[in-house]
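A.B. asks: Residue numbers (the numbering used here), protein chains in the order written: chain A, 50 to 294; chain B, 50 to 294; chain C, 50 to 294; chain D, 50 to 294; chain E, 50 to 294; chain F, 50 to 294.
Do not rely on the hints blindly, as some may be mistaken.
A pair holds if it fits inside one copy or across any two, identical chains being indistinguishable in the list.
To be verified - Below 25 Å or equal to it, Euclidean Cα-Cα: the simulated DMTMM-like pairs (lysine to aspartate or glutamate) are:
| # | residue 1 | residue 2 |
| --- | --- | --- |
| 1 | 102 | 53 |
| 2 | 54 | 153 |
| 3 | 277 | 291 |
| 4 | 110 | 130 |
| 5 | 200 | 109 |
| 6 | 168 | 142 |
| 7 | 54 | 142 |
| 8 | 200 | 153 |
| 9 | 102 | 157 |
| 10 | 110 | 149 |
| 11 | 54 | 291 |
Treat the hints as calculated values from the structure; they're not laboratory data.
Number of protein chains: 6
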Amino acid sequence: MPDDKTALVISAHSADFVWRGGGAIALHRAMGYAVTVVCLSYGERGESAKLWKQDGMTLEKVKTARRTEAENAAAELGVTDIRFFDVGDYPLDLGPDTRDRMVDVIREVQPRWMMTHSKWDPYNTDHMNTMRFTLDCRMVAQAWGHNPGQKVLGAPQLYLFEPHQTEQMGWTPDVFLDITEVWDRKWAAIQCMQGQEHLWSYYRNVAENRANHLRRNSGGQAGGRAAKYAEGFQTVFPRTVDALE
Amino acid sequence: MPDDKTALVISAHSADFVWRGGGAIALHRAMGYAVTVVCLSYGERGESAKLWKQDGMTLEKVKTARRTEAENAAAELGVTDIRFFDVGDYPLDLGPDTRDRMVDVIREVQPRWMMTHSKWDPYNTDHMNTMRFTLDCRMVAQAWGHNPGQKVLGAPQLYLFEPHQTEQMGWTPDVFLDITEVWDRKWAAIQCMQGQEHLWSYYRNVAENRANHLRRNSGGQAGGRAAKYAEGFQTVFPRTVDALE
Amino acid sequence: MPDDKTALVISAHSADFVWRGGGAIALHRAMGYAVTVVCLSYGERGESAKLWKQDGMTLEKVKTARRTEAENAAAELGVTDIRFFDVGDYPLDLGPDTRDRMVDVIREVQPRWMMTHSKWDPYNTDHMNTMRFTLDCRMVAQAWGHNPGQKVLGAPQLYLFEPHQTEQMGWTPDVFLDITEVWDRKWAAIQCMQGQEHLWSYYRNVAENRANHLRRNSGGQAGGRAAKYAEGFQTVFPRTVDALE
Amino acid sequence: MPDDKTALVISAHSADFVWRGGGAIALHRAMGYAVTVVCLSYGERGESAKLWKQDGMTLEKVKTARRTEAENAAAELGVTDIRFFDVGDYPLDLGPDTRDRMVDVIREVQPRWMMTHSKWDPYNTDHMNTMRFTLDCRMVAQAWGHNPGQKVLGAPQLYLFEPHQTEQMGWTPDVFLDITEVWDRKWAAIQCMQGQEHLWSYYRNVAENRANHLRRNSGGQAGGRAAKYAEGFQTVFPRTVDALE
Amino acid sequence: MPDDKTALVISAHSADFVWRGGGAIALHRAMGYAVTVVCLSYGERGESAKLWKQDGMTLEKVKTARRTEAENAAAELGVTDIRFFDVGDYPLDLGPDTRDRMVDVIREVQPRWMMTHSKWDPYNTDHMNTMRFTLDCRMVAQAWGHNPGQKVLGAPQLYLFEPHQTEQMGWTPDVFLDITEVWDRKWAAIQCMQGQEHLWSYYRNVAENRANHLRRNSGGQAGGRAAKYAEGFQTVFPRTVDALE
Amino acid sequence: MPDDKTALVISAHSADFVWRGGGAIALHRAMGYAVTVVCLSYGERGESAKLWKQDGMTLEKVKTARRTEAENAAAELGVTDIRFFDVGDYPLDLGPDTRDRMVDVIREVQPRWMMTHSKWDPYNTDHMNTMRFTLDCRMVAQAWGHNPGQKVLGAPQLYLFEPHQTEQMGWTPDVFLDITEVWDRKWAAIQCMQGQEHLWSYYRNVAENRANHLRRNSGGQAGGRAAKYAEGFQTVFPRTVDALE
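Isolated chain A, as found in the complex (with noise of 0.2 Å):
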């Protein structure tokens, strides 16, 4: 494993990172971690339809809100490195040259763990795409003979956040992270997601109900911790450890 503290989150719509992996990112920040945002896409046409029902609307006015709102949710969470790739959404445009840029950032950062969306999604194929993008470009980032001299990417764990609407995702958490101690920044994050606010009391029961998961995974009523606040990832690649838990 790299000595570095660093992560990259590549979200496919600018709020998705702030849903589902804002505490993971406020905790890690809080830790000292570096923390990459690459969100592909501002979500102006898909998830933006509160702006879109307000008179004299443009893309591009949704795509400045959209942005705004998502560096005002990254400083919440304490992130400074936010991107966006403005590749378009509904669909996204994961055409070569957004891999490029992608496999360039992954370089760059060198992250010791990279999260993104769930394999499958019915409802929302950009998440799915995004998902499968991410591998690709976690292999080329991998290659030796691409850009022959950068520094290579070793083997990060993906985590996949939670999405909306689980079982119909076929995602299964197997990793519950306390966020007790971020939580009011993750939920300060929230708020600034002005134009999607009737998914502010979701995701705070999300959040008080994975905690639930994690008291009773961590012993229960026979001395589980006293987690508040968690979010649920599913790991993609098995771990490496030098001893069971």
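Please arrange chains B, C, D, E and F on chain A, whose structure you already have, making use of the hints.
C.D. replies: Showing chains B, C, D, E and F alone in chain A's frame:
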């Protein structure tokens, strides 16, 4: 998580814990864990073909021979607490008495982690029945109303060790454990299994190839670990963590 | 489909029907359904930790307390037919006697639909055993040669209500039921469960978030329903219809 | 749910809608639904073997013949709105232009339900690509920022009609529709497919056997429906309901 | 592989072997195989609705009638060795006595291949219990220490024959067997099942449609076989071969 | 099935056919099959780390070196028809031109069986993309309207050879092929892969352990075959047979 360094391995037949989890056992013994091994049977009917091909063999002779092998193997792994339930094999008797006995052991040991067989095994239903049986016992051991006054079990992880013909069993490892430093002990333990010599090189190959997987998943040619021998395990329950890695 | 409005809910422990199907029960009671609830056990050993932590507790006291809670909850839901099989828990005794007793109830009730636990639950094997038991009983109840002369069962749908930690159970809801109008009743029933207060807000969060899913699947921002509380269910058998919807 | 009785069927090749969903189409036409059928291709290269075995055949002749068959079949089913995208087959061209065109149709039709191919088909990747394409189009049609001003799509169910060799496709029907009253129309439509006469009796057998399944699932010998012909469908999204049935 | 041409079919109820494997049985009888059929029950309670609807019916009368039908069907298929275990149905008694009895039969027959029910069947748990029971028995029959001195079993393939409603059972055929030349025998055997006349045409349709699949998978319009009737099977174990085909 | 003894192996990178299918290739060559190997790329960027670590390395040098290795390995296996598509790797260019080229090869070869990569591979998306690409090409090659006049393809089996880390790929072998008699050739071919020496012993271990599986599945201690080396494959399509074995 409990502070005590304890672990419990539940083996359907007397040799299973050696092939499948011998490295993990030896490694945790070396780290100071108290590791309890329960052999539900000696594998006396189903996994002792070589003995039965000898003249004048009886069930008791087979059981004695297999028990001695298992005790020797346990000693090589550093295990001082091995228990033989002697419930018969092909099939195992996993009725209420066996369950109560196992629950008592679980509560006595209070394992930080548990280990047993895979969920599915069409070749050997003893194996999959043991997995289901272990879930039953873990559940009962957690019940405050079962033998009130005894200390109830927390929520230890259940590791499923490597079955023969992994793909047919639907078993997928999500943890690779580096057992390089204790390989000599596992190899010595394996060689105690005189009745199944045809499996020695098989499991050495497995250990070498799992180390390849461990190297690959820890960085590969870009910085992976130098493990020479490894074991793989599948977890049943989610992990609860303070940080992603 | 039968003309009579009847339903049967099979609950492994005395509180399960409340958390998981209380809304469906109250709603159908309000629509004039006769809803029969069978509690196989009181959850006296495995799901009464709070009671067992009190001094001088006995199995009978726990069972009495849990039964009272369940009766109170049933009353809040409008249920007048709740039956306690008292077969013990952790594990349940689901042998031939219990089966025959349940088949008699099924044939007596002639349910238009049935409801029980999920197919898989590694935390709580009582739950998954109840699901398999229910399939057994449904099959026997359909047999013309079982107690000839009794009215045989048709082919009622079997709904699997929501387990704790849905993703770990491989449970996927394919029906969302709007329970907004009976939420007050479910909430009152939940509060009857004095022994498991730690689950109250958990299941309120579930109800709120399932309503979000219901809104999304009925049209979302383009005309979805205004449900505030919902329950999800997984069906076991195909539906038979006269039109698609 | 929208009040308008509308439906949209997306067929990879010009005959698919007949074999797989002809009964549903005719039935809903008889109930007053406006049913739009889009044939992405004529199946001119991949599903017209009989024609290509004739001397002097050309691509245009095949397309004309297949179009005529499809139009005749549509007429038998009562369909007045059939559209041919003519994007080629084996493989289909499902690029951005085709997608935009389909999104326009979806928004124009505002279907109460949609219907297309199965998720997996190793024999015919056109089929599974069409399913993924349909998910893409449904998503874009729901986006408020795609062609702002157009009416956005709600959340119609997506039915997957029956593939050839269902088990190889991982397709599992969860709805059986009684098409007895319109069977004559479906049979007439099937007979329009002069190029694939070898499939006529195959799909009659399917309809008869699906009726057996419908009878079984609606009560069997204890009161099942008397359907003689049926079609099966797999749903992609959960249903939202006011009552269980 | 053993040289002897032997096969063993394990049928939960007395008619199952006819609908599901009658073609394979007749074909291998015609090839000189000794085929043993074991009917665990007569299906007297659960699969004899037509008989039970008659006045004055008793369990013994039903069993006698069903046995006669099965014997007649077996004779049509050329089977001279059919055995009735008479362990009751709905549910079957598959306890230790039944298991020992079956193991004795397996060792006596030394089948080159075995055949039984699918792994999952939510409609009919007798079927899936028989599959698990067969795995248990196969395992015990292979054990050198079970009744030492008897000839132990090798590793025969286990074929799972076609269940009713294949998709609901998660059954996927990976072998299609051409039964055209013995179809007359299977059809004659089917017609022996006077109690289940409603299934005759159903299984004729199945045989015709499986032949379509066989033709398609052997080359289709580019040289496929001319089979008119076929049966499908799912294998449990990998094949061992000298060449790919 | 075609009479000609022909086979086609589609390898994403130039070494894949050696590790994964070298035994099958050599064995069928020895049986007189004409085996064509297509290497889509040289693995020049992604699978040539050792070369890229040398000073002054260029893409052309890597490609030349890898090509030479592959040609040498092919010669050891007895292959005289190896073709290099040189479409680049990490990622492969699998667009329309590559597809048309591959379809031409398929039709030219008219393979009795085909072989390629597994369906899923999160480490190496080139591998899974090749599997999907192969399905596309097989489909087009079967189309009577694609390049009319060419001989269309029948329905050859598609074997998926063994990926690295089988369980992570969801790959399950259902055929074990005895390659003992050609092991020397495969081992010689493996040693041609100078750039990936770290994989030599890995794949020897695989071959030895697959032979263990072959022995077990052909009878084990009760008469299994004496294979020392084997390869495993997963089939995509059902087999069509005249007898069960």
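A.B. asks: Which of the numbered hints above does this structure break?
C.D. replies: 7
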